[in-house]
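Starting from the structure of chain A, add chain B where the hints point.
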Amino acid sequence: MDVAIEQIGQESRELVLIRCRAVTEEVREIADFVKSRAGSLTGTAEAKRYEIAVADIFYIESVDGKTFLYTKDRTYETAHRLYELEALLKTRHFLRISKPMLVNLMKIRSIQPAFNGRFTAVLSSGEKVIISRSYVKALKEALKG
Amino acid sequence: MEWKRFLVNKLILFFMLSTLITAAVSLIGAAFGGDEHLGYGDFLTPVKYAALCMLPTLVTYARRELSPRALLLRKALMLVLLEGVMLFIAFTSPAIDTNSSAVVLTIAGSVLVIFVLANLFMWIKDSAEAKRMNRDLERFQRTYGETEA
Numbered sequence: 019m020d021v022a023i024e025q026i027g028q029e030s031r032e033l034v035l036i037r038c039r040a041v042t043e044e045v046r047e048i049a050d051f052v053k054s055r056a057g058s059l060t061g062t063a064e065a066k067r068y069e070i071a072v073a074d075i076f077y078i079e080s081v082d083g084k085t086f087l088y089t090k091d092r093t094y095e096t097a098h099r100l101y102e103l104e105a106l107l108k109t110r111h112f113l114r115i116s117k118p119m120l121v122n123l124m125k126i127r128s129i130q131p132a133f134n135g136r137f138t139a140v141l142s143s144g145e146k147v148i149i150s151r152s153y154v155k156a157l158k159e160a161l162k163g
Numbered sequence: 016m017e018w019k020r021f022l023v024n025k026l027i028l029f030f031m032l033s034t035l036i037t038a039a040v041s042l043i044g045a046a047f048g049g050d051e052h053l054g055y056g057d058f059l060t061p062v063k064y065a066a067l068c069m070l071p072t073l074v075t076y077a078r079r080e081l082s083p084r085a086l087l088l089r090k091a092l093m094l095v096l097l098e099g100v101m102l103f104i105a106f107t108s109p110a111i112d113t114n115s116s117a118v119v120l121t122i123a124g125s126v127l128v129i130f131v132l133a134n135l136f137m138w139i140k141d142s143a144e145a146k147r148m149n150r151d152l153e154r155f156q157r158t159y160g161e162t163e164a
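These protein sequence lines map, in sequence, to chains A and B.
Each residue of the first sequence is one higher than the one before, starting from 19 at the first, in the numbering used here.
Each residue of the second sequence is one higher than the one before, starting from 16 at the first, in the numbering used here.
No wet-lab data here; the hints were simulated from the structure.
Errors might be hidden in some of the hints.
[Claimed, not checked] When the alpha-carbon atoms are kept at most 27 Å apart in a straight line, the in silico BS3-like pairs for lysine-lysine are as follows:
1. Lys90(B) <-> Lys25(B)
2. Lys155(A) <-> Lys146(B)
3. Lys63(B) <-> Lys146(A)
4. Lys155(A) <-> Lys117(A)
5. Lys25(B) <-> Lys140(B)
6. Lys117(A) <-> Lys90(B)
7. Lys108(A) <-> Lys146(B)
8. Lys117(A) <-> Lys140(B)
9. Lys90(A) <-> Lys146(A)
10. Lys140(B) <-> Lys162(A)
11. Lys25(B) <-> Lys117(A)
12. Lys117(A) <-> Lys146(B)
13. Lys146(B) <-> Lys63(B)
This is chain A alone, in the form it adopts within the complex (with noise of 0.2 Å):
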């Protein structure tokens, strides 16, 4: 596939076209990046496609190889992995706190302690999530911005 990029001026609309024979697994994907760059995510739920606000998920997790993104009251499967998205998402304030787990930082209400250097962020919709021993260092790090 060959890349293009245009030059446009401050009044025209910018746009990322993707001219393709068909709508590839690859397609989607570069799709799903653009859209994450512009602050969405594609997510399948009861299976349909759904556009989902990078701002409205409150946690990403990995099950069985599955990632799930979780907002308020929904939760759905998209195709990227969790360390696509660890990376995708660092400058959204998302950051890793378990192994299998990535938070979105707004979203957290407040920190308690959990046992063994663990701690639960617990989410501004009730939910607790434990935030990993081995995790705690960078997520210190991270809040002091």
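Just chain B, lined up with the frame of chain A:
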């Protein structure tokens, strides 16, 4: 936690315990029985004790993160095993008078008190850390915007 990393942590704990038990035996021995003669077999005593004391900690292993309640249950199990190990050591040691129920109760009570205090101190330390993190979190969310659900 990965099994390999967990095992490495336990090995570190084992060597730390061996060193500390050797130091403790040497200090207590020098204070209360400086003229005692020991055989070569006694050199293995700290190693045996360290291995026995490390065993109860193995119950805290989990491939996935345990919930606070599940961890609390595992800790309770660890305490029961630790009591068992300490009483086993006491009952197999000729130097400890296990015919006296006061001695046995003191050993069991000491293990319980030390276990509770160690966990209480850890909890207090973690609570202080959580307080600092909550302050930083508040500042972070104020700086970067939307805090709503």
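Comparing the hints with the structure gives:
For the proposed pair Lys90(B) and Lys25(B), the alpha carbon gap of about 16 Å is at most 27 Å, so the pair holds. Restraint check for Lys155(A) and Lys146(B): satisfied, since their Cα atoms lie roughly 15 Å apart, inside the 27 Å limit. Between the alpha carbons of Lys63(B) and Lys146(A) the distance comes to roughly 41 Å, so the proposed pair goes past 27 Å and is violated. Of the supplied pair hints, the one linking Lys155(A) and Lys117(A) holds, its CA atoms being roughly 14 Å apart against a limit of 27 Å.
Using a Cα cut-off of 27 Å, the hinted pair Lys25(B) and Lys140(B) holds, with the two alpha carbons roughly 22 Å apart. At most 27 Å may separate the alpha-carbon atoms for a hinted pair to count; Lys117(A) and Lys90(B) meet this at roughly 22 Å. The straight-line distance between the Cα atoms of Lys108(A) and Lys146(B) is roughly 25 Å, inside the 27 Å bound, and the hint therefore holds. With a CA separation close to 24 Å, the supplied pair Lys117(A) and Lys140(B) stays within the 27 Å bound.
With a C-alpha separation of about 12 Å, the suggested pairing of Lys90(A) with Lys146(A) holds against the 27 Å cut-off. Taken as a hint, the Lys140(B) and Lys162(A) pair is honoured in the structure, with Cα atoms around 19 Å apart against an allowance of 27 Å. At most 27 Å may separate the alpha-carbon atoms for a hinted pair to count; Lys25(B) and Lys117(A) meet this at roughly 20 Å. At roughly 24 Å between alpha-carbon atoms, Lys117(A) and Lys146(B) fall within 27 Å of each other, so this suggested pair holds.
Restraint check: the Cα-Cα separation between Lys146(B) and Lys63(B) comes to about 41 Å, which exceeds 27 Å; the hinted pair is violated.
Violated hints for the displayed structure, listed by number in ascending order: 3, 13.
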